[in-house]
Amino acid sequence: MTVSLEQLRRCHVAVDLGAARTRVYVKGAGLVVDEPSVAAVNTRTGALIAVGTFAERMTGRTPDYIRVVRPVSGGTVVDIEMAQRMLRHLLGEKLRRALRRKPRLRAAACTPHDADPLAQRAAVETLVGLGARRVELVDTLIAAAVGCGLPVEQPTATMIMVCGAAATQVAVLSLGSIVTAERIPVGGEAIDHAVVQHLRHAHELMLPSQAVRPLQLALHGNGITAEGPASTLIHGRDVATGLARSVQVDTAAVRDAIHTPLTAVLDGIGKVLRDCPPDLVADLTDRGIMMVGGSALLPGLDQMLRDATGMPVAIAERPDVCAVLGLGAMLEGKIAPMVLNPLAE
Numbered sequence: 001m002t003v004s005l006e007q008l009r010r011c012h013v014a015v016d017l018g019a020a021r022t023r024v025y026v027k028g029a030g031l032v033v034d035e036p037s038v039a040a041v042n043t044r045t046g047a048l049i050a051v052g053t054f055a056e057r058m059t060g061r062t063p064d065y066i067r068v069v070r071p072v073s074g075g076t077v078v079d080i081e082m083a084q085r086m087l088r089h090l091l092g093e094k095l096r097r098a099l100r101r102k103p104r105l106r107a108a109a110c111t112p113h114d115a116d117p118l119a120q121r122a123a124v125e126t127l128v129g130l131g132a133r134r135v136e137l138v139d140t141l142i143a144a145a146v147g148c149g150l151p152v153e154q155p156t157a158t159m160i161m162v163c164g165a166a167a168t169q170v171a172v173l174s175l176g177s178i179v180t181a182e183r184i185p186v187g188g189e190a191i192d193h194a195v196v197q198h199l200r201h202a203h204e205l206m207l208p209s210q211a212v213r214p215l216q217l218a219l220h221g222n223g224i225t226a227e228g229p230a231s232t233l234i235h236g237r238d239v240a241t242g243l244a245r246s247v248q249v250d251t252a253a254v255r256d257a258i259h260t261p262l263t264a265v266l267d268g269i270g271k272v273l274r275d276c277p278p279d280l281v282a283d284l285t286d287r288g289i290m291m292v293g294g295s296a297l298l299p300g301l302d303q304m305l306r307d308a309t310g311m312p313v314a315i316a317e318r319p320d321v322c323a324v325l326g327l328g329a330m331l332e333g334k335i336a337p338m339v340l341n342p343l344a345e
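For the sequence shown, the working numbering gives the first residue as 1, with consecutive numbering after it.
Check each hint, because a few of them may be wrong.
In the DSS-like style, the derived pairs of lysine-lysine whose C-alpha atoms are separated by at most 30 angstroms in a straight line are [unchecked claim]:
{"no.": "1", "residue 1": "Lys94", "residue 2": "Lys334"}
{"no.": "2", "residue 1": "Lys27", "residue 2": "Lys334"}
{"no.": "3", "residue 1": "Lys94", "residue 2": "Lys27"}
{"no.": "4", "residue 1": "Lys27", "residue 2": "Lys102"}
{"no.": "5", "residue 1": "Lys334", "residue 2": "Lys102"}
Just so you know, these hints were derived from the structure itself, not from any lab.
Work out the full structure, taking the sequences as your base and the hints as a guide.
Here you go:
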C-alpha cells in the first residue's frame, strides 16, 4: 500500500475517478456520488451544460457547438480542469460547502496499479483544485480487495481481478501488500469495440451510438455462454446507404468476437500465477479468484475463467463499487493491520 492506514483515517473524502464512472465516498455519509465520468460543454461559451448520466445520454445526439468529453481515460485524468469542474457539479453546492468547513480537508484517491508519476500527479492536482490540502493515493487493487471483504491483511494468498472499462488488473495479495500483479490494457470498452467491429465487418451495420452498451444490445443477456437463442435481432444503420436496417445476428459469431480480446486477460492471469511463489499458488486452489469492477458482470466471463484456470471464480456482491467502498472502510477505521509481535525469548 502506498500509504499507511493511520494516514487514511485522517482523510475526510475518498474518490474513485474511473474511465466509466466517478464515485465519491464521504466519511460519515457513505457513498454520495456514483455517476458516469462524462461532461457536456458548450464550445462557444465554454460553459458546462451537463455532467453524469444526463451528459452520457447526450453522446452522439448533440449539435456542433456542444461537445461531450470524458476527462478520465484508462484510470488516468487526462483533462485536470474539466475533471475538477465535473466533480464540483457532481458533488453539488451543499456537499461542497460542508467539505469546505473542514479546516484541513484530506482526500484519498484510487490509482491504477503501476500508475506513472504523471498520472499520480494528475489525480492529486484534481483533488487539490477542489480544496484538499493533502491527497493520499491507494492502489485500486488493495482498495477493491478490502471493499469486497477479502482477508488482505492475513498471511494467505488472495487473488483479485479488477475488470475496468479501459483495463483489467490482476494481482495476488498477502499481508496487506501486492505480491505480484499485472495490468492488461483490455477492458469493457475493448469487448464492446470487438462487438461493434464484428457487426460492421460481418453485417455492414453500425450501431446507433457508442454510448449504448453494444454488448448488452447484441447479446440480450446471453453473454459468452452457449445457452440461449442461436440468433438475435439487431437494429442499426446500414454502412453503405445510411438507412435504418435490422439484421439477424448469429450469437455464436458474437461470442467468438468477444473471446479474441479476452485471450489477453487469460495470458495476464497466467503470468501472475507463474510469478507467484508456490506456497501462495497452493492457497489459491481453494480460494480462487475474486472478480470486481463493472465488466465483471459480463455474463459467462466467470465460467470462462473457471474453464481456463481450473480455479474457483467468484463475483463480488457489489463489484462496480468495491474500490470506493474499500477506501471508505479505511477512512472509517474499519480495517486493522495485522499486528506482528516480536518473538518472545
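* To do: Could you tell me which of the numbered hints above are not met by this structure, giving the numbers in increasing order?
  => Checked against the structure, no hint fails, so every one of them is satisfied.
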